[in-house]
Structure formats: C-alpha cells, structure tokens
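Colleague: Protein sequence lines, in the order shown, are assigned to chains A and B. Per my numbering, residue 1 is the first one in the first sequence, and the count goes up by one each step. Per my numbering, residue 1 is the first one in the second sequence, and the count goes up by one each step.
Accuracy of the hints is not assured; some may be wrong.
Not the full set, but computed from the structure, chain B residues with beta-carbon under 8 Å of chain A [as the list claims (entries may be wrong)]: (1) Thr2; (2) Ser4; (3) Leu10; (4) Leu19; (5) Trp30; (6) Ser33; (7) Thr34; (8) Arg36; (9) Gly80; (10) Gly86; (11) Pro90; (12) Pro114; (13) Arg141; (14) Gln142.
Since the hints were made in silico from the structure, they are not lab data. In this text, a Cβ means the ideal position worked out from N, Cα and C, and glycines have one as well.
Next come the chains, spelled out residue by residue.
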Amino acid sequence: MKRLSAWRKRLINFCFPAETDTWLAVLRIGLGLQVVLYALSLRGDWNYLLAGTGHGLISRNLGEAILSLESHFVPRLGWFVPLATHAGLHEETVLSVTWICLIASGCSLLIGLASRFTAILAWFLHLCAAKSGGFVSYGLDNFMTIGLFYLMLSPLPDRYSLDWRLRKSRPRDPQHLGFWRRLLQLHLCVIYFFSGLTKCLGIGWWDGSSMWRALIRPPFNVIDAEILVRWKYLFPVAGILICLLEIGYPFLIWNSKTRKIWLIGICAMHVGIGLAMGMYLFAFIMIVLNVAAFGPGLIRTELQTYQPGTVGKALIN
Amino acid sequence: MTLSKKRVYLAGLALQLSLIITVSSRDTFWLLSTSRTIFPESSKNFWQRAEQIASIPLGQRLPRSNPVRQILTGYLHLSGIEAGYGFFAPNIPNSYKLVFELRFPDGRVEYELPRVSNVASVLRVAGLLDTIGRTRSEAFRQTMVKMLADAVWREHADATMIRAIFGSVVLPSAPEFEHGKRESYEFLYAYDFSVTDEATEQRPP
C-alpha cells in the first residue's frame, strides 16, 4: 500500500512539476511567427488552393465532402462560405478575409496581445484551412495544429506578453503550466519514437540509400545531385545517426546529462532538413516545439523556479 | 490544485497519450503491411491484422455514421493527432509527375505542369500527386486529374483537348548516378479530356 502511494505521488509530481512560463512564451512567440510565415508562404496561392469547384487547383468542396464522411465536427471553410455568400459576399472575399484574420492572429500571438483569444482564433482558422485543403496538406499542418491546440489550452498569458505588461492580465490557472509542458514533452517523445522506429524497420536508412533518395527526390532536390554524390560515403552514417537520434529521443531527452546533446542534435537535424530539402516551415515548427518543450530548463539562469506549494504564486501577484 | 482536479487532468493526459500511441501504432502497422521492411514478406498479413486491431479503439471499425466514431475522429482532427509519424519511412518511394499536353484548334501543342506560385505550394502539390499516385481507386484518381486539368484549361480556354499524362519519377541509386544514369519517368496513366468534358483513360501496355 505504501509502495502504491509512493508511486502515485511520483506520478503526480512528474505530471504536475513546478514550472515557470518561459516555455509557454517560447511556444507562443514561435507559433505566432510560424502562423505569420505560413500565411505569407501561401499568400499567392491561398485562394487558388482553397477555392470551391470551378475556381481553384482542386475543388475544396470535394475535400470537405470526404472530410464530412469522417466527421461532421471538424472545422472547415465550407462552414462560412455559404453564410457569407448568403450575405452577398463572394467566396474569394471570404477566403481573403480568412487569410487576413490568420495573419493578424499570428502577429497578435507574436506580441502577446489577447493571447488566449488569438491562440484559439489561430488554431481554428489554420485548422479550417488545413482541413478544407486536405489534399494539399502535409505533416507541417499536423504539427501546427498540435502546437496551437496545446497553446490555446495552456495558462495564457505569459509574463513576456503585452497582455501581462500592459493590460496586467494574469493566467487563471498558472499551476497548470507544468502539466501542459509535460504533455507537450510526452507527445514529442511519442512522435520521435515512432518516426525513428519506422525508419529503423526500413532497409534504406541503414545503408544510406534512403538519405540519398530523400535528397534527390523532387521537389526536395534543393542540392544538386552532382554535389551530393561526392558525399555518398556519409549517407549511411547520417541515416543511422537520424535513426538513433529519433528512436533515442524518448529515452535520452529526460536525462539532464544527455538532454542538451539530444536537443541540439534534433534541432540540427531539422535545420539540415530545412536547408537541404527546402522544408523551411516544417523545420521551424519542429524546432519551436522542441525548444519550447525541452529548451527553457537548459538555458535557465536567473529565472525564478517555483517550489512545490508555491507554484504560480508570483504569477498571480 | 485539489487532488480530484489533478485526477481529472491525469485522466485527460492518459486519454490523449493513449490516442496518440494508438494512432501511431495503427499507421506503423499499416506501413509495415504495405512496404518493404526488414521483416519477411510473409509477416504482412500479421501487420495487416495488427492494423485492424489498432483501428478498433479509434472507432474505425464502427459505421461511419456512428456518433462515437464521428466524435472520436473529430477530436483526433481537432488536436492534430489523426495521423502517425512515419515520415520518409520505412523507405523513400518514387515521386510522381503530371504533365498536360494541350492541343489547340490551329494544330499547336503545348505542355504544362500544375502551376503554383511559390516553393511552399510546390511541396503541397507534390503531396497531392503522391496521393493521386498511391490511390487504388481509379474513380478518385480520374476525378482528381480532371480537376487539375480543369485548372489548366481555365488558363488556356482556347485549347480543344487536354491529355493528362501521369507518371512516376524513377530515381537512380548513388552508384547508378555515378555511372551516368539520371532520373527517368515511367508512364502510368493518361487521360484525354475534350471540350465534350468526357475523359477516356489510357494505361501502359
């Protein structure tokens, strides 16, 4: 019975650690920047990719019809377009307004103005765009949804936001800071474990052929294959290193001695993916999530650490 | 925070993590059942069965209209955890290419690719072509190609016929590349669209 009680206490201590809001500030600023960059990157094609039948690259209506078969509860642009057209607005106007609201919510998150509201707005609008344009969505959209989902549920605002400094607003439940950070950390561990596991089970990641193919496969062939082939002996090493980094992540990121190495390694891997494969936004979101989840403890210097029992007191005052 | 409130949060955390792990497992099993891996070919049936089992707690074996399935799937989408994390794994497949051959009344022939304005959109279109290339549904593939052809047609309204040629980009290995082999295109499907709006399909012999 004593052992069970001790285990329960350990579990609660693990899931509800004393925590500052630095990680949340990193997540908010990082995701704000990510949302802005995401919207800007699609500026020229936003209407073209998300238009309904007869105007865009593919029909948004078809994507939404397939989505409806899966679930009626997933937000989509098709919810507003009929309402707006009923009010005399063109579909194009609705899509443009959505884009403007998305970029505004990103800017607002970046500076921390109306943090909670804009986190919800950014999550909702991005989700609408990602789901309505489901045929042209990829992993980046999933990670943005994950980040924004945790951000909007976390105890905002953080002390670096304008909400805190100018409007003097304070989070209602600052004692939950550690819980939400823990959830993000655990989620990242699952992501890397499964990503590493599936790579390890393929043959190509051990002999370097997958590295080569990933780098020369259109449209990721940013670096000329003539240059890449000179480094072919490094591909098996790099492939195995990526497998080890990913599959080792959930085991070695927790230990204070290996955390710094692993975090730097993973971030370096994402920088490499961004530069060598042109997946800049994907690289950025992964770095933001990693740094928010595991970074602040590493670079903590003079920041106040709350002790159990006093968690969040300074935040409330 | 009271202990009872902590328990509620713990239950939420346990549910969220179990959903993430189940979805990741299901997609990993699917990859193992459809790709070449370190496991023998004979194990594919096992992985297929494992995928089916992992789909059960996600409500995927229930009828589509079932409210439990609808709500569960809805939540997975809302939290961004509806898909697993087997990026570029277990192997890197070939990519796909779609070329449109436009024929004009004066006998002119022009070639077009699905056009977008920036790099970020190019990545998205590549993902779309992968979806079209991998689907087993001919009807879906034809519908998607027709929509892409429509987009090209809007830019070239005077074209009388469009042939959409869908192919796979075959990548050379590093030693093959050193010996002069370059990426090549393998013809998979072709669809002819005329002003009558009917598609006829041609397959490789």
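Colleague: None of the hints should be skipped; say for each whether it holds.
Modeller: Cross-check of the supplied hints:
1. Hint on Thr2/B is violated. Least Cβ distance to chain A is approximately 11 Å, over the 8 Å limit.
2. For Ser4/B, the suggested interface contact is broken, since its CB lies about 12 Å from the closest CB of chain A, more than 8 Å.
3. About 6 Å separates the beta-carbon of Leu10/B from the nearest beta-carbon of chain A, less than 8 Å, and the hint is met.
4. Interface restraint check: Leu19/B against chain A, minimum CB-CB distance 10 Å, threshold 8 Å, status violated.
5. Look at Trp30/B: its Cβ only gets to about 10 Å from chain A, farther than 8 Å, so that hint breaks.
6. Taking 8 Å as the C-beta cut-off, the interface hint given for Ser33/B is violated, the closest approach to chain A being about 12 Å.
7. Nearest Cβ of chain A to the Cβ of Thr34/B: about 12 Å, over the 8 Å cut. The hint is violated.
8. Evaluation of the Arg36/B hint against chain A yields a held restraint, the C-beta minimum of about 7 Å falling below 8 Å.
9. Interface restraint check: Gly80/B against chain A, minimum CB-CB distance 3 Å, threshold 8 Å, status holds.
10. A cut of 8 Å between beta carbons decides the hint on Gly86/B: the least distance to chain A is about 4 Å, and the hint holds.
11. Look at Pro90/B: its Cβ gets to within about 3 Å of chain A, closer than 8 Å, so that hint holds up.
12. Restraint check, Pro114/B versus chain A: the minimum CB separation of about 7 Å is within 8 Å; hint holds.
13. Given the 8 Å rule on beta carbons, the hint for Arg141/B is violated: about 12 Å separates it from the nearest Cβ of chain A.
14. Look at Gln142/B: its Cβ only gets to about 13 Å from chain A, farther than 8 Å, so that hint breaks.
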